[in-house]
Amino acid sequence: MQKLLKKRSKKVGQPPGTLIHIGEETAKDASISVIAYRDEQFLEKEAASVEECLTFKNSESVSWINVEGINRPDILEKLGQCFGIHPLALEDIMATDQRPKIDDFGDYLFIVLKMIRYNGNNGGLDMEQVSLVLGRNFVISFQEGREGDVFDPVRERLRTAKGRIRKMGADYLVYALMDSIVDNYFTVLEKLGEAIESIEEKLVIDPTPDTLHLMHELKRDMIFLRKSVWPLREVISSLERGESPLIDKSTAIYMRDIYDHTIQVIDTVETFRDMLAGMLDIYLSSVSNRLNSVMKVLTVIATIFMPLSFFVGLYGMNFKYMPELEWHWGYPTVLVVMAVIAGWMLVLFKRKRWL
Amino acid sequence: MQKLLKKRSKKVGQPPGTLIHIGEETAKDASISVIAYRDEQFLEKEAASVEECLTFKNSESVSWINVEGINRPDILEKLGQCFGIHPLALEDIMATDQRPKIDDFGDYLFIVLKMIRYNGNNGGLDMEQVSLVLGRNFVISFQEGREGDVFDPVRERLRTAKGRIRKMGADYLVYALMDSIVDNYFTVLEKLGEAIESIEEKLVIDPTPDTLHLMHELKRDMIFLRKSVWPLREVISSLERGESPLIDKSTAIYMRDIYDHTIQVIDTVETFRDMLAGMLDIYLSSVSNRLNSVMKVLTVIATIFMPLSFFVGLYGMNFKYMPELEWHWGYPTVLVVMAVIAGWMLVLFKRKRWL
Amino acid sequence: MQKLLKKRSKKVGQPPGTLIHIGEETAKDASISVIAYRDEQFLEKEAASVEECLTFKNSESVSWINVEGINRPDILEKLGQCFGIHPLALEDIMATDQRPKIDDFGDYLFIVLKMIRYNGNNGGLDMEQVSLVLGRNFVISFQEGREGDVFDPVRERLRTAKGRIRKMGADYLVYALMDSIVDNYFTVLEKLGEAIESIEEKLVIDPTPDTLHLMHELKRDMIFLRKSVWPLREVISSLERGESPLIDKSTAIYMRDIYDHTIQVIDTVETFRDMLAGMLDIYLSSVSNRLNSVMKVLTVIATIFMPLSFFVGLYGMNFKYMPELEWHWGYPTVLVVMAVIAGWMLVLFKRKRWL
Amino acid sequence: MQKLLKKRSKKVGQPPGTLIHIGEETAKDASISVIAYRDEQFLEKEAASVEECLTFKNSESVSWINVEGINRPDILEKLGQCFGIHPLALEDIMATDQRPKIDDFGDYLFIVLKMIRYNGNNGGLDMEQVSLVLGRNFVISFQEGREGDVFDPVRERLRTAKGRIRKMGADYLVYALMDSIVDNYFTVLEKLGEAIESIEEKLVIDPTPDTLHLMHELKRDMIFLRKSVWPLREVISSLERGESPLIDKSTAIYMRDIYDHTIQVIDTVETFRDMLAGMLDIYLSSVSNRLNSVMKVLTVIATIFMPLSFFVGLYGMNFKYMPELEWHWGYPTVLVVMAVIAGWMLVLFKRKRWL
Amino acid sequence: MQKLLKKRSKKVGQPPGTLIHIGEETAKDASISVIAYRDEQFLEKEAASVEECLTFKNSESVSWINVEGINRPDILEKLGQCFGIHPLALEDIMATDQRPKIDDFGDYLFIVLKMIRYNGNNGGLDMEQVSLVLGRNFVISFQEGREGDVFDPVRERLRTAKGRIRKMGADYLVYALMDSIVDNYFTVLEKLGEAIESIEEKLVIDPTPDTLHLMHELKRDMIFLRKSVWPLREVISSLERGESPLIDKSTAIYMRDIYDHTIQVIDTVETFRDMLAGMLDIYLSSVSNRLNSVMKVLTVIATIFMPLSFFVGLYGMNFKYMPELEWHWGYPTVLVVMAVIAGWMLVLFKRKRWL
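Heads up: the sequence lines are chains D, W, C, V and B, in that order. Numbered according to the numbering used here, the first sequence terminates at residue 445, and the numbering increases by one at each position without gaps. Numbered according to the numbering used here, the second sequence terminates at residue 445, and the numbering increases by one at each position without gaps. Numbered according to the numbering used here, the third sequence terminates at residue 445, and the numbering increases by one at each position without gaps. Numbered according to the numbering used here, the fourth sequence terminates at residue 445, and the numbering increases by one at each position without gaps. Numbered according to the numbering used here, the fifth sequence terminates at residue 445, and the numbering increases by one at each position without gaps.
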């Protein structure tokens, strides 16, 4: 299950800009890959050291430097010095409990996003922080270093020159990366939507306390999803308004497209929350209804057998002078009277719809 | 029942502007119909191919090109090229999970709306996405291709030149189409209102778990309706403010009229939501009340017969020396005592209003 | 009871400006009355036909034309042509499901309001739509045509020249009419407040399911009242800001007064909603409390008599060798033992405060 | 208890500016006291008639005219004429159901506030409307005329020239009066806070339906308090911004201080509301918990004694051939068996933690 | 436990600027420590008297005067006179019930913050008000005087000249102090997060009324935390916008960093509130579920043994003519019949899943 909070306390008391990793430790060591392109040119390689990347800073082509794993302060520091990234931004890259945000540092934009995966096994969401630095002709992306990412289609498009991506600048690349991330939210939402619909069906047929716990976990997921998506709205809206000269007019129209998608994601999250709230009401009232029906069974049984037991007890008394006991038809009469009483009560309950 | 979410995942990883159909498949093949008019002139025909439509682009008359069925990327691409529609707009036309929106592309406005029908059979709402492209002298409308639409009265008015529609431009046609869609919301709301009122009556007479499920489904409908109508407010408000030169001043006053209607629809949806929330409270407390009355019956029965059973048990004991058993009036005395006890308890319960 | 929604569906498909009556049919035929005044001059008469009114259009005096009954499209059309009222405004006058609004048509202001009456008999609110057209020197008011209105004090003031009304222009007359309507809301609120307070008392003494239904109906009333009053705020605020040249500076100060009253009405409606929500909580927990006390009675009875019944059953067994049965003091001993058990339990329950 | 609504209906139909008293009648007749001061000068007296006050209008000193009791239209009218107060303001002074507000009439500011006292006896809040008229060199305050007010410390400071009050103008006097009123809210909040904390303790120890009613009354108080304090925020904010030339720059800094206090009061009211909502949840679940424990007692008793009663009933049957009855150890055996059953059940319940 | 409200009532009636201590009394006497630095220079000492501090006012170096304990009006007054602090600010320093705020007095900024510590022992939060006065080259901080503070890391950095702190001005020092306080909130949130997660686990395994009270206390903590953090947002936002010349551009970027942290804290508090609300629902429904299962046990027992008891009672009747009693196989037959009935019922309950 997603932890409520990441351990930020180890940072307490450090001067600002101190690079301390906050987040899960990953086994993988940090690795750096570079893609550089311009129209027909295309270069892709794994960088053995940080220094290799630096040559791309002033090249003509657009470079995408992807850093997998952020637990190595030395790598970040070198990159930071070379590309002129502010220590506070570097600090935020390493602290994976950031909320999505955009900071305009003039020469470059610093963007923080959340990449979300649905983890089928333990039913929770898996979040990975992605930080993007957009300069004039380069994009540096930092990932937490967990297995896999959602950028493969972008890489594929760059390799095959599919679409317009090779003809556009670094801002379009940032758009493409952000679009991959937001598109992936829909995959997650589909999974959650299926989970909600399957619970909804269970609710009608046979609600159990387990159903309740599933709902609670989905609600929890929704809270986390919401926390990641709401601030995204402002981030992309600020990109769309084209406030930074780093974002070209022609790219802004694509940003509007992601903006629409983000609104759609937010809308869906809110719809899911509404659905879950409604389902909780259904659950609670079905529990009450079941209590009602249990009590009705008890009441029917008690109401029928208590008078009868009284009757048979009555004629079990040992008084010397009880004339009925001597009657020849006493026993059958009592039996008939009791049958009538029981029958009458059954009819009564039928009418009250308790049976 | 309305699906919570349409399958958007197949789009993941595609470059922007890739035309992929998202939504239910319809059996019908895409068809195109054209209406062109100007004052006294009127022309209506089915277009066999896309190319036929293209002649209308630069004509003097106002043309309305209605495309039924959006699962054919080739048709959309041709239309897009001819009328200069941006690939992102074409993509949105094919993705039927859009929320209502308006995008101003300078030369043309791109509007997305939801056409809603009340489906009496399975109690749900039936949504169809309608995309409108408004150019200087043409309107292109795209429908998902399901049987029927709400535009017949507009067609009729165009044919018979009823009202001012033949004298006005393409902006007025867009107004007329949007007005048809919003007017239709009232029909849906009336149906839902009737459903709510019939449930409200049931709640008073005899609330069952079924009532609860009906309420849950109505609530669900309301969530979807709300999702479709709220964004419409902004869309029409932006048209009314006359920010685009494509909307004439004289048409803006009509847009204000639809704006008022949209607010009325939103108001009514919110009222219905409030009503449903209140009805859920009534339901829950009537379930509790019923539990109360069941328990009262049980308690009354138990309280009357438990002491009586004790009494008859008492005189069923086999002690050798129980003087009462020998008394001649023992039995009648016990009977009277028990009758007094039972009667006294009945009076007590009457006073407590449990009977 | 107030209908949730008026039948708007018959308008679907009609061109804008089509005059169709939406609302309850009233038996009364439409009637027109005219009051014209200027300082010392005063004229009041019933107009036999629409044409009679037209003479007042360009007179020096201020004219108030009051139309009772809006189900006659011909009358509205004639009036509309004469005073230059836009067809969309005429359409809104006839459709009585409008929300309060103000439209500035340049030459005249078009205002829609709701006149509310408390209907003691069936406990609901009775709403009537009032549309006002304010021109330079005339006011036309349209009412739905139900018996009576709240304008009598205004008429009286006009007749007797009480206050400053005869010295002021048409804008002040509109103010006076709106003030009458808003003042009347206080009367309605007082009635509702009394209803709430009487329910509150019942809640403390003896809450029944009926109390719940009364609360539900009040909540419903509140929803409708709120719907009528909230938009009024904007309407009057726009009049107060004096955006239209038709509203004089000296009248704007009076508009601020109605504005304050409207805020007071809204405040009170919200307070009532809060009160009702709190009362529902009280109701629900008093139902739970009563269940608790019912169950306590049952438990006390069962806990006392079940062991006793076991005891008497024990000595009702027919074993041959049961020494106690032979004892001379067996019976009294058992009686004493049982009395002790019962007494001890009563003490226990007393301590637990169940009795 | 605070009435939900004051009788405003008697005003319906009156022309604006009609002076009608709305509010509780007080036995005391209206009285007027005047304080005039300037540096070293200080004058304090009871005014026998309104005319006496008029001399202070154009004096050099700052005058504070305090009117106790607002049920005398003649007094208000005279004051109004002399100091040029608008009839609508006079009307608002007499209508004690105003919400706090500020109206800028150019020459003077008209401020309405609520003075609140905690009434220990019947547990409710006692509200008194205070209207202030701030002119260039005078302040007129109107109170409803109930015993006592919160202005005594201000009077004392004026008499003893403590602080800077005698050196400052009329605006500072208004500040001092408003500060007294807002400061007094803290006293009320402290009392309510104590009430909430004492209820919170009761909730833990022994929640009864009375606790619930106390909570309901506190909630009610909170609703009224909130209604009086929220609008105050805007009032003081408008004074602080120094929009009126009647408020000096040096006084504005003091207004900011009251503004902070008002925000603190609002914050506390909201905190109390949150606390009360949380306490209601605690109450409801403790009621449910208690029901649970009652039911457990019942179930334990029934589960133990029902099988035992069956057993003893079994051997109370009168069949001729029941071998067990003849056994010598029959009776003790049955006793042992029953003890074992009962013991085993007790162990079971212990394990389920029902005992 | 945190008191709901501090005793402000003793201030009622005092002129503004009266220095009265509001808050808990601390045993410690007020003490003053001074740190002065500039690049390589560094001085740290305890000030024996207020006068000692005054020399730092016009020095070249940056001075940080830390006052521990605010219950000595004389010290504050002297400091106030020397550094020109407004009496209203001094008053706010001594009143520890302030909400976080910033006041711009031109020459200096006055900032109020809350330092929060998690008090493990009694489970509550411990709040201490910190007031900061930022002048051109000095910072004065006032603490309530409780043991310890969160500024030690800042002192350490000043002493060791770690980071850039010794090279920057007084504004950076204020930033560092505020950063320490906000960083500490994360420590508190981590503790609360752990508490929430441990309760969440308990909820699944074995919810008791104690769990509910823990939740209630956490909710209470959350209310107080929220009250301290929300206003902080505005405070820091105002610092970040660089409205005051006392905040340098280069420091503003650091303020943006704290701003992000504050938003993160607010986000987390809201998430925790959502979690707690969800957990309350789980708790309530698990209580209902348990009631259900208790009732099922009772019903099963009653349903099985009531008919059996009736049967044995039947053959305990003393009628003279009861043929079954004479049968040789009567007793075994009855036993078999009863076993069949009981078995059949058990099967029935199994099927209904009550067992």
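By construction, these hints were calculated from the structure, which means they are not laboratory data. Check each hint, because a few of them may be wrong.
Stated by the list, open to error - Some chain W residues judged to face chain D by a derived CB distance under 7 Å, without partners named: (1) Leu370; (2) Ser383; (3) Val384; (4) Val387.
Each residue gets a CB set at the ideal place from its N, CA and C atoms; glycine is no exception.
Margin query: For the restraint on Val384/W, tell me whether the closest CB of chain D is nearer than 7 Å.
Written below: Because about 5 Å separates Val384/W from the closest Cβ in chain D, which is inside the 7 Å limit, the hint holds.
Interface restraint verdict for Val387/W against chain D (beta-carbon cut-off 7 Å): Given a least distance of 6 Å, the restraint on Val387/W holds.
A closest beta-carbon separation below 7 Å is what the hint needs, so does Leu370/W meet it against chain D?
Status holds, d = 6 Å.
**Q.** chain D contact restraint for Ser383/W - C-beta distance below 7 Å
**A.** violated (10 Å)
In summary, the one numbered hint that this structure violates is 2.
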